[in-house]
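**Student:** Please model the complete structure; the sequences and the hints are all you need to start from.
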Amino acid sequence: MTSIEKRVKKLGLVLPDPSTPGGNYSSCNSRGNLVSVAIQFPIKNEEYLYQGKLGADLDTEAGYQAMRLCGLNVLAQINKYFELEHIEGLNHVDIFYRSTDDWDDAPKVANGASDLFVEVLGEKGHHSRAIIGVHALPRQFSVGLAVTLTLRRRIPWIFA
Amino acid sequence: MTSIEKRVKKLGLVLPDPSTPGGNYSSCNSRGNLVSVAIQFPIKNEEYLYQGKLGADLDTEAGYQAMRLCGLNVLAQINKYFELEHIEGLNHVDIFYRSTDDWDDAPKVANGASDLFVEVLGEKGHHSRAIIGVHALPRQFSVGLAVTLTLRRRIPWIFA
Amino acid sequence: MTSIEKRVKKLGLVLPDPSTPGGNYSSCNSRGNLVSVAIQFPIKNEEYLYQGKLGADLDTEAGYQAMRLCGLNVLAQINKYFELEHIEGLNHVDIFYRSTDDWDDAPKVANGASDLFVEVLGEKGHHSRAIIGVHALPRQFSVGLAVTLTLRRRIPWIFA
Numbered sequence: 007m008t009s010i011e012k013r014v015k016k017l018g019l020v021l022p023d024p025s026t027p028g029g030n031y032s033s034c035n036s037r038g039n040l041v042s043v044a045i046q047f048p049i050k051n052e053e054y055l056y057q058g059k060l061g062a063d064l065d066t067e068a069g070y071q072a073m074r075l076c077g078l079n080v081l082a083q084i085n086k087y088f089e090l091e092h093i094e095g096l097n098h099v100d101i102f103y104r105s106t107d108d109w110d111d112a113p114k115v116a117n118g119a120s121d122l123f124v125e126v127l128g129e130k131g132h133h134s135r136a137i138i139g140v141h142a143l144p145r146q147f148s149v150g151l152a153v154t155l156t157l158r159r160r161i162p163w164i165f166a
Numbered sequence: 007m008t009s010i011e012k013r014v015k016k017l018g019l020v021l022p023d024p025s026t027p028g029g030n031y032s033s034c035n036s037r038g039n040l041v042s043v044a045i046q047f048p049i050k051n052e053e054y055l056y057q058g059k060l061g062a063d064l065d066t067e068a069g070y071q072a073m074r075l076c077g078l079n080v081l082a083q084i085n086k087y088f089e090l091e092h093i094e095g096l097n098h099v100d101i102f103y104r105s106t107d108d109w110d111d112a113p114k115v116a117n118g119a120s121d122l123f124v125e126v127l128g129e130k131g132h133h134s135r136a137i138i139g140v141h142a143l144p145r146q147f148s149v150g151l152a153v154t155l156t157l158r159r160r161i162p163w164i165f166a
Numbered sequence: 007m008t009s010i011e012k013r014v015k016k017l018g019l020v021l022p023d024p025s026t027p028g029g030n031y032s033s034c035n036s037r038g039n040l041v042s043v044a045i046q047f048p049i050k051n052e053e054y055l056y057q058g059k060l061g062a063d064l065d066t067e068a069g070y071q072a073m074r075l076c077g078l079n080v081l082a083q084i085n086k087y088f089e090l091e092h093i094e095g096l097n098h099v100d101i102f103y104r105s106t107d108d109w110d111d112a113p114k115v116a117n118g119a120s121d122l123f124v125e126v127l128g129e130k131g132h133h134s135r136a137i138i139g140v141h142a143l144p145r146q147f148s149v150g151l152a153v154t155l156t157l158r159r160r161i162p163w164i165f166a
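Chains as they are written, first to last, in this note's numbering: chain A, 7 to 166; chain B, 7 to 166; chain C, 7 to 166.
Hints are not guaranteed to be accurate.
Identical copies go unnamed one by one, so any copy, or any two together, can satisfy a pair.
No farther apart than 30 Å at their CA atoms in a straight line, the calculated lysine-lysine pairs in the BS3-like style are these [as the list claims (entries may be wrong)]: (1) Lys16 to Lys59; (2) Lys86 to Lys114; (3) Lys86 to Lys130; (4) Lys59 to Lys12.
I should point out that these hints are in silico values taken from the structure, not numbers from a laboratory.
**Tutor:** What follows is the structure, given as structure tokens:
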């Protein structure tokens, strides 16, 4: 069990199986000491969850849980290749959501990922973020999450 | 007065108060020598401005001013932690806007931020950019702006 | 002829003329060993192509070709300043698309860029990606593409 898994387990959480790419790309791509994690969706062990629009099909609390699940998938992707000790810290988080025109609780939903990262990674989990209300996401997902992070040192390129 | 403030003042501009994060994230996050600034909106000292849609509630000139204000907020965030001398240069700028279906002046509006960065930071202010017409932004803001930049040298992590 | 052009030619492809910026920004911006390429659209030697919405004006195959053309424009921008040998590898790719509400083939369209990068650059072409369905893009383009990449070593700043 890796140190990330230990931290996650200690918090009573479970990392989902990291999903395999649905196209010709890497889920987790390291170049030098910079790592980018491909957009993750609220998928739990291959099951698509939290599809629909915030404000219609999902309320704010469901959106928070959807973002948290995206965050767990990001951690699962990172955990596949790196130890907690390798990580210097998260850089930036892009949060994408689909909503009705009048729904306006995106920052609360975004905290689903932000809270998780700080809980699991501590200071290393702090990040800047952008919250973007999009027109569409694949498979009608309500939310999506892309993350960049920095490693303590340059490592050889890993195809993931 | 910092050197960024001096450059801003010399141009007859005023940096707004840097806004505090509306969630569990950092407005300005440094990892190694890379800094990411969280999405900034057209807020002036806590007052929400330039809400609505481009092409309906705001014309192109108002959009340009809205983007310029976002840019001033980015500079205010950077200025809180770094001196001009620390900055190697801006990397990339993500510009988000909300518009009616037929409005198509986004590059002009985007220049509101691009012009400001070059005016204030000179060569260091040059950047690549993406312009993205989104469905929604928090608080019905018309525009938003996220920026990455590089510092001259690696600095210890600052929580901001 | 640069080594990128040679690889492209060997595959029977032609790099379009790299477009000049439609605003006060750089099409290709290097800071340290990190390079960001501004959003590229399906433009071929100044001609605007693939305008409209996926699912209405363009089918999935046309979308794939549109993304491939965006990818060729990214390579054209990179090729203007760097040799293949300078490139350590792509980091991340942001794919933006416009579609009708019920069209859901974005990952296939995204592969238009992903496949190209792997064909031309090999391992260096691998990348993480985000696919984002947006409300609007300049000039009614159906797709857009922004890319970050890493160079083997720090190089002096190039204004491009």
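**Student:** Hint numbers the structure violates, sorted upward?
**Tutor:** 1, 4
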